[in-house]
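Student: Take these sequences, add in the hints, and give me the full structure.
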Amino acid sequence: MDRRTPPQTEEGWYVLHDFRSIDWDAWRDAPERRRSQAIEEGVEYLASAERLEDAEAGDSATFSVLGHKADLLILHLRPTLADLDSLERQFEHTALAEFTERADSYLSVTEVSGYMSQEYFEDDAEVEDAGLERYIESRLEPEIPDADFCSFYPMDKRRGPDHNWYELPFDERADYLSNHGEIGKGYAGRVTQIISGSIGLDDFEWGVTLFGDDPTDVKELLYEMRFDPSSSRFAEFGRFFSARRFPPANLAAYLAG
Amino acid sequence: MDRRTPPQTEEGWYVLHDFRSIDWDAWRDAPERRRSQAIEEGVEYLASAERLEDAEAGDSATFSVLGHKADLLILHLRPTLADLDSLERQFEHTALAEFTERADSYLSVTEVSGYMSQEYFEDDAEVEDAGLERYIESRLEPEIPDADFCSFYPMDKRRGPDHNWYELPFDERADYLSNHGEIGKGYAGRVTQIISGSIGLDDFEWGVTLFGDDPTDVKELLYEMRFDPSSSRFAEFGRFFSARRFPPANLAAYLAG
Amino acid sequence: MDRRTPPQTEEGWYVLHDFRSIDWDAWRDAPERRRSQAIEEGVEYLASAERLEDAEAGDSATFSVLGHKADLLILHLRPTLADLDSLERQFEHTALAEFTERADSYLSVTEVSGYMSQEYFEDDAEVEDAGLERYIESRLEPEIPDADFCSFYPMDKRRGPDHNWYELPFDERADYLSNHGEIGKGYAGRVTQIISGSIGLDDFEWGVTLFGDDPTDVKELLYEMRFDPSSSRFAEFGRFFSARRFPPANLAAYLAG
Amino acid sequence: MDRRTPPQTEEGWYVLHDFRSIDWDAWRDAPERRRSQAIEEGVEYLASAERLEDAEAGDSATFSVLGHKADLLILHLRPTLADLDSLERQFEHTALAEFTERADSYLSVTEVSGYMSQEYFEDDAEVEDAGLERYIESRLEPEIPDADFCSFYPMDKRRGPDHNWYELPFDERADYLSNHGEIGKGYAGRVTQIISGSIGLDDFEWGVTLFGDDPTDVKELLYEMRFDPSSSRFAEFGRFFSARRFPPANLAAYLAG
Amino acid sequence: MDRRTPPQTEEGWYVLHDFRSIDWDAWRDAPERRRSQAIEEGVEYLASAERLEDAEAGDSATFSVLGHKADLLILHLRPTLADLDSLERQFEHTALAEFTERADSYLSVTEVSGYMSQEYFEDDAEVEDAGLERYIESRLEPEIPDADFCSFYPMDKRRGPDHNWYELPFDERADYLSNHGEIGKGYAGRVTQIISGSIGLDDFEWGVTLFGDDPTDVKELLYEMRFDPSSSRFAEFGRFFSARRFPPANLAAYLAG
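Residue numbers (my numbering), protein chains in the order written: chain V, 1 to 257; chain Y, 1 to 257; chain L, 1 to 257; chain S, 1 to 257; chain R, 1 to 257.
Calculated from the structure, these hints are not laboratory results. It is possible that some hints are incorrect.
Note that the list lumps identical chains together, so a pair holds whenever it fits in one copy or between two copies.
As the list claims (entries may be wrong) - No more than 25 Å apart at the CA atoms, straight line, and that leaves these computed lysine to any residue pairs for SDA-like:
| # | residue 1 | residue 2 |
| --- | --- | --- |
| 1 | LYS185 | PRO79 |
| 2 | LYS185 | THR9 |
| 3 | LYS185 | MET155 |
| 4 | LYS185 | ASP29 |
| 5 | LYS185 | ARG4 |
| 6 | LYS185 | GLN37 |
| 7 | LYS185 | GLU44 |
| 8 | LYS185 | THR5 |
| 9 | LYS185 | ARG3 |
| 10 | LYS185 | SER105 |
| 11 | LYS185 | GLU167 |
| 12 | LYS185 | ASP2 |
Tutor: Below you can see the structure in the form of structure tokens.
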């Protein structure tokens, strides 16, 4: 068999999903002074990251994670891997870190691909379509939506003997993804997504982060997508994380229960 | 292949299965005063949740889990994810939490789907069938049955090359589920179930919680279902948890062995 | 496809395989007084369980587990799940528990099924065959054999696209199991088994506990069975535990190395 | 399908691969006196096991394991499971054990099978072939080769719908294994193997322990075998452990880095 | 089926990927004196390894790992397994080790195979092609490239019923790999790789370590390769680790965040 044509891609910001568990026993036992310091330094770290004091571009947000898998999700988008590496380690030097353990993480980078717009890649000339350009920029350098709920999961495309995404012709893959994308449009204004690539960066091929005020909108979108051949035939999912956003200033309230 | 028609769904209460292990070594070593306080605050948390003092609707129950996977299952149903997020963190602030560790959890939301009643979804008019309406309400806002035994497991429908639930026509899926549901009717009065959806919320697609006074009724029901094509051909199961309900007031007796 | 006929089943005693690891570091460091107390309370718990002081029926036994998976297997059979729940928690209140951690467990219930004797189930009349009745009683309320070696593993029957146990006609399943059972008869007097069902109770469908004085008899029996289509085509195995029985009175010698 | 003929087997010594991790933090922190005692008791345990002071037959050896999976492999072969059970627990009573944790283990028993020599099993008469007899004895009661490098892994034969070892006719299996064995002969003098069966004893069906002075000889042998249908079509491998032998007397040097 | 012809291989240096997590809580709490000592001994160990003070040949490098899987990757290439065994244990005797835990590791050995150059293996005469000789030497005794980014993952070739690498004729495998290698040439100067074999040494068959200044070059290379039949049809991947190189002298800055 011949090698299939890969899509061209362009990468934007690197993305770190940093999942942390709170050591609630330590928190309950800590004297008021240390708790105050942890909150102060935690708020400073989170707010500083959201204000982008460490870099010239990017975005950050803080979430409360439901269930036992983690308690906090700190989401960072930055122009370089060095930025993320630094942010990850700087957290460890806050007094808040003493009350957390790393529960999971995911490393990826925002991307646009030739599936979406071959013209964008094929044409050396500048993109004349201002709307397309803005759209592409919004995918490469996305603002984290201001929504209450967030769902994250990593995913692969199947490479099985029966259904092998990587052995489909380019056009067939582009069709699958175009149809798949149509579903999302029906949820415009209710669900926003950040798709980031992770081949060579982490264990799956993509990270999917969905945002919406109503969790059932996200559930319905994903349920509808599961019936789309792009998912039903080719998707392999990792673990799912459900989280609720809160502003850094609410850290004390979050930790108080 | 064309995209298959997803069922319409309506969601009700969010569901958190909160599994905790007791740190028996710490419990044995704790001075009487701290044990009393843990019991007092534990009973207060559990009873308050069962009395719905934190929300306007929902239900909660407490169970003793058999085996090494966990010791306690605290089951909460509430109208919003914020309610569950809050309940989960409030537990950590009780003196009882000091003697527990999170062993597992599952996040889902009650749902009814168009497989059960297409009329309910297709008709803009109000449901005229009062019986159907009551049934749907009992699925969206279920009362936790007052039964001794509870079995919980998460599950997926298969998306394999041979048997792919998500590539079946709608009517075929509805038939499978209708036949599957018939089995349950034979156990009416002996086994009650809460089915909750978790696509985009947790690692599987559904959570199944079965209640009955006699565990062998649950076993027989699930054994019979395993021979039904809806299960034999399409079901993938996660871990199974077996638990016995106890009233919060019995927490001291539970901890005393 | 039509739903296949499930076998009727009758359940007997609930079974808990309680695997514990010894914290040898803590044991070595403990003062003689605490070790004596741990041995005393441990012997009392184990001997009391074997003497059935907690229930009107059942059986219990203690084993030393080979390898790193666990050190102790405490096996309990009791008429109710409440009995097992209580036994499991009572152990935690002995001074011995301080030196152990839960390594694994398995919950199941003894069963006889219509594969073995359809007459037993189909006929409302009393079983007239006294031999059959005694045999069925020995399966539902088995005495733990007094043998040196014990091997435990949980198992499922396959539900794959090629070989799906749950889509076979009843008679074919009964034939498979009848032939499979023949193998065991060749080991009568050397290997005894307790088969217990765990659908809805734990992660697999059955638990298999084999007893014999010579471990190579168990190995040969299972090797022979592996070539039988019932296993070669349909069996999925969990982890295997090998253990050697010892009387509670020998706990001190066991802990002394 | 009919049941396939299992090979007859004869078992020899039981084999315990006891993998331990060193708690290097505790080791660095320990006062010289406790380190001396740990070394003294460790050397005594290991040397005593190698000198067979605990049993009338068998063999033992000590290895340094590469990588994070473990630090020590203590390999014991003994005539009875009771011998291994005792050796495993006796180690826990040395001062060295305080600085180790169990990382993994594998339980098996040496075996010869009818694939190798049907005559040996079929003929009631004594084996007249003195060479065969010595060979069989060397497999049932093997001496641990005095080689620098050791590679251990457990393995299964596949029972898939396409390739099912346990549904092949006896002669076909014997041919596969005979051809497979030919490969090993090309490495005579460079690689020696101990094959031990573990059906009913541990999670896989066999343990394979290979010995050689040059690790690349072992790598080449296994690479060559991987192209042999017996492996390419039927082998499922567990984890691989690489280790280097050292004499008990060198324990101090080993712990000193 | 006949046994397929394995490629001849020649092995060079052994490779240890030693992944460590920093215990940040302990680091924050440590007095300045112990931190200084840890940095001093850590720098000395890492710099000494990079200067090859422990061996006559090889290479070493230090990396910061992104995400929760690990914090440090210490990469060693050495002529013998004894060298790696010693380096691994010597690290444990530094004051830095007190603040680290082993998170993962991978053991392999550099190799060239007959797929690349049959002449090299088939011809007893010396290789006359000086370019080929230099190339082979660069694969057997590679210098770790001086690049900012490093991606590591282990991999297997599939042995499934549909696509079985080990049942392909030699020439077909050589063609697959030749085409696969062509992709890499398009990234010359941007991405450098070290391929090392691990059959019999560790859990997968190969380790792949990619180096480049721009992580998106590595991502693009691997994405393009994923469409090549050698990957799309035959590759099974383990976990992926992303890391950034830093000189040992920067250890203090690294630990300071």
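Student: Determine for every hint whether it applies to the structure shown.
Tutor: Taking the hints in turn, this is what the structure says about them:
1. Within a single copy, LYS185 and PRO79 get their C-alpha atoms no closer than 28 Å, and across copies no closer than 28 Å, so neither meets the 25 Å cut-off.
2. Proximity of LYS185 to THR9 under the C-alpha cut-off of 25 Å is found in both arrangements, the shortest distances being 22 Å within a copy and 19 Å between copies.
3. Proximity of LYS185 and MET155 under a CA criterion of 25 Å is satisfied intra-copy only: 21 Å inside one chain copy versus 29 Å between copies.
4. In the homo-oligomer, the alpha carbons of LYS185 and ASP29 never lie at most 25 Å apart, since the shortest distance is 49 Å inside one protomer and 51 Å across protomers.
5. With identical chains, the CA atoms of LYS185 and ARG4 are at most 25 Å apart between copies only, with a shortest distance of 18 Å across copies and 29 Å within one.
6. In this assembly of identical chains, LYS185 and GLN37 lie within 25 Å of each other by CA distance neither inside one copy nor across copies; the values are 45 Å within and 54 Å between.
7. In this homomeric assembly, LYS185 and GLU44 never come within 25 Å of each other (Cα to Cα): the closest approach is 37 Å inside a single copy and 47 Å across copies.
8. For the homomeric pair LYS185 and THR5, the shortest alpha-carbon distance between copies (17 Å) is at most 25 Å, but the shortest distance inside one copy (27 Å) is not.
9. Proximity of LYS185 to ARG3 under the C-alpha cut-off of 25 Å is restricted to the inter-copy arrangement: shortest distance 16 Å between copies versus 32 Å within a copy.
10. For the identical chains of this complex, LYS185 and SER105 are neighbours neither inside a copy (29 Å) nor across copies (32 Å), given an alpha-carbon limit of 25 Å.
11. When the C-alpha separation of LYS185 and GLU167 is checked against a cutoff of 25 Å, the pair qualifies only between copies, where the shortest distance is 22 Å, while the shortest distance within a copy is 28 Å.
12. Taking identical chains as interchangeable, the C-alpha atoms of LYS185 and ASP2 lie at most 25 Å apart only when they sit on different chains, with a minimum of 18 Å there against 35 Å within one chain.
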